[in-house]
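A.B. asks: One-letter residues, chain by chain:
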Amino acid sequence: MPAHSSRFKEQALAAFAAITPTPGVAKPDPIIVADKVTRRFGGLTAVNVDHVEIQRGSITALIGPNGAGKTTFFNLLTGFDSVNEGTWTLNGEQIAGTPPHKVARKGMVRTFQLTKALYRLSVLDNMRLAATGQRGESFIRGLFPFIWRKQESAITAQAEELLTRFKLIDKKSDFAAALSGGQRKLLEMARALMVKPEIVMLDEPMAGVNPALKQSLLGHIKDLRDEGMTVLFVEHDMDMVRDISDWVIVMAEGKIVAEGSPESVMGNQAVIDAYLGAHHDVSLDEGRS
Amino acid sequence: MDFLFITQQSLSAAIGVNTIIFALAAIGLNMHFGYTGLLNFGQAGFLAVGAYSVAVAVVSFNISLWIALLIGIGNSIILALLLGIPTLRLRADYLAIVTIAAGEIIRQIARSATFNDTLGGSDGITGKFGKEFFDLNPFSEGLNLPFLRYTPNDLWVVVVGWSVVALILALMWLLVNSPWGRLLKAIREDEDAVRSLGKNVYLYKIQSLIAGGVIGSIGGFVYALSRQSVQPDNYGTALTFFAYTVLILGGAARVMAPVAGAVIFWFLLVFVEQFLRQAVSAGYIPDWLIGVNQVGQIRFMLVGLGLMLLMIFRPQGIFGDRKELALDARA
Numbered sequence: 001m002p003a004h005s006s007r008f009k010e011q012a013l014a015a016f017a018a019i020t021p022t023p024g025v026a027k028p029d030p031i032i033v034a035d036k037v038t039r040r041f042g043g044l045t046a047v048n049v050d051h052v053e054i055q056r057g058s059i060t061a062l063i064g065p066n067g068a069g070k071t072t073f074f075n076l077l078t079g080f081d082s083v084n085e086g087t088w089t090l091n092g093e094q095i096a097g098t099p100p101h102k103v104a105r106k107g108m109v110r111t112f113q114l115t116k117a118l119y120r121l122s123v124l125d126n127m128r129l130a131a132t133g134q135r136g137e138s139f140i141r142g143l144f145p146f147i148w149r150k151q152e153s154a155i156t157a158q159a160e161e162l163l164t165r166f167k168l169i170d171k172k173s174d175f176a177a178a179l180s181g182g183q184r185k186l187l188e189m190a191r192a193l194m195v196k197p198e199i200v201m202l203d204e205p206m207a208g209v210n211p212a213l214k215q216s217l218l219g220h221i222k223d224l225r226d227e228g229m230t231v232l233f234v235e236h237d238m239d240m241v242r243d244i245s246d247w248v249i250v251m252a253e254g255k256i257v258a259e260g261s262p263e264s265v266m267g268n269q270a271v272i273d274a275y276l277g278a279h280h281d282v283s284l285d286e287g288r289s
Numbered sequence: 001m002d003f004l005f006i007t008q009q010s011l012s013a014a015i016g017v018n019t020i021i022f023a024l025a026a027i028g029l030n031m032h033f034g035y036t037g038l039l040n041f042g043q044a045g046f047l048a049v050g051a052y053s054v055a056v057a058v059v060s061f062n063i064s065l066w067i068a069l070l071i072g073i074g075n076s077i078i079l080a081l082l083l084g085i086p087t088l089r090l091r092a093d094y095l096a097i098v099t100i101a102a103g104e105i106i107r108q109i110a111r112s113a114t115f116n117d118t119l120g121g122s123d124g125i126t127g128k129f130g131k132e133f134f135d136l137n138p139f140s141e142g143l144n145l146p147f148l149r150y151t152p153n154d155l156w157v158v159v160v161g162w163s164v165v166a167l168i169l170a171l172m173w174l175l176v177n178s179p180w181g182r183l184l185k186a187i188r189e190d191e192d193a194v195r196s197l198g199k200n201v202y203l204y205k206i207q208s209l210i211a212g213g214v215i216g217s218i219g220g221f222v223y224a225l226s227r228q229s230v231q232p233d234n235y236g237t238a239l240t241f242f243a244y245t246v247l248i249l250g251g252a253a254r255v256m257a258p259v260a261g262a263v264i265f266w267f268l269l270v271f272v273e274q275f276l277r278q279a280v281s282a283g284y285i286p287d288w289l290i291g292v293n294q295v296g297q298i299r300f301m302l303v304g305l306g307l308m309l310l311m312i313f314r315p316q317g318i319f320g321d322r323k324e325l326a327l328d329a330r331a
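Chains as they are written, first to last, in the numbering used here: chain A, 1 to 289; chain B, 1 to 331.
For reference, chain A alone in the conformation it holds in the complex:
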């Protein structure tokens, strides 16, 4: 790990140093604060989060067994699903009930568990699409290239810079469908950055990615924090969680059952119970595998 990166990690960790690791604990500088967020599907309560805060400028992992409501909670926060009850704020502004495109414009951009590359668009067009405030996106102005051409070349330059950083520049003219699964994950992350978000929400960024690419993805996620962005991600890969997260929030059956540093959470009895069942009497080491 390069020295500058560990400095940012120390900074992020320092913010958590004085916090008691209990579910729903207050953070010194929260970017997201959610209260009483409930989502029911018929008789099933998928999400029932009483209170949670996400610390700005940190990498927070959201973990939990299958069906814990992690992705649903993601969908709710980003406006892709609507709550039965509850409110949450982004930078102190109420955004509950805001449609997804407006949430994104406010600086919270997400990726998807099943990667959503735009297959029959070139890699470069995938990137350029995401730039905000494009003049040529209006029907009338789109008809007059001289209005948007200059902005378009600035966007292209920005896109090519990001593609270079994510090592996709050689693929820029290919259709996104021609990329491998891991490259699509990279593209999706790079594309989210075109929006210039404050907080990036990654839904299982490592799913289906080969080990070699995994390392580079991890590096990119750390870079996001080091550039001052907040990262909240859902993940099943515990090695990754341990490696990059500054803080871990554990969900089970729709509720937040534990919070804390990666090390403390993995030894937490509530977490082991959530993953293995309350009376499953095994040691932590066996539980991990």
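No lab work stands behind these hints: they were computed from the structure. Among these hints, one or two may not hold up.
Using 27 Å as the maximum straight-line C-alpha spacing, the simulated DSS-like pairs for lysine-lysine come out as follows [what the hints assert, rightly or not]:
1. Lys-185(B) / Lys-167(A)
2. Lys-106(A) / Lys-196(A)
3. Lys-150(A) / Lys-171(A)
4. Lys-171(A) / Lys-185(B)
5. Lys-150(A) / Lys-185(B)
Guided by the hints, dock chain B onto chain A, whose structure is given.
C.D. replies: Relative to the frame of chain A, chain B by itself:
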């Protein structure tokens, strides 16, 4: 057999009035289906609204033809809003269901006895409502070449019609190569991804529906003016499906595709018909196999067979990119 006559008829049809109408209908569908992924199965409804707006405004309300054309465009925008506002927030298939029903509702209203006075019932409206248009016709004689033959009025419609098609294609080319067009294509690929990037998908789908619908209604203007009459049953579902045939034949999501598709479609349709007709009357095809009266149906069978073969051996259409289609199948 008179091969010169067969060629003349086929070529005249290939760049004739019907080709223009179907090209316009398919250009509109290309905007909807090819670029935005909207399944509009009611394109006939947009043509009907265009055609009836002109006929009704001029014949029943004595409005100038030029204002009637503007009314037609306004009405097609209203139709697009009516169809789009409730359905475009829902999954793609809802638009398909609603549009196919709406197209039929429009046709049934047009042919209903209730509005006989204004809409003309099942007979439609016949009258000189295109007079203002044909008064401008500079051609006192038609075209009578060995390979091409038009009456003066048809020639005028063909010249103006192709000019309009050229203008619309130019606008279409500008649009689909702009950031606006890139957004539509992105919506076709994955709406949620586009939403997650801060784009108002709903707004762009409505814009696409309006743009394609207006182009369709211009096809309706040509339909009405060229015949100086509107008949409700010309605007049935078959019109929509032929327009889709034309689009897919040319290759969806290619600007020029609807024109190529329409030219080939009408060339084949007329060529097969004329060929069979001549072959039957000359006795090359025995009467017990195909009678003269059956030619009209059999041409559709043969053209249908030809289209099937095309889809098997060139599923991307004439202009389409096979690689692109294969990517879609894998994804």
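A.B. asks: Hint by hint, note whether the structure agrees.
C.D. replies: Each hint, compared with the structure:
{"no.": "1", "hint": "Lys-185(B) / Lys-167(A)", "result": "holds, 25 Å"}
{"no.": "2", "hint": "Lys-106(A) / Lys-196(A)", "result": "holds, 10 Å"}
{"no.": "3", "hint": "Lys-150(A) / Lys-171(A)", "result": "holds, 24 Å"}
{"no.": "4", "hint": "Lys-171(A) / Lys-185(B)", "result": "holds, 19 Å"}
{"no.": "5", "hint": "Lys-150(A) / Lys-185(B)", "result": "holds, 22 Å"}
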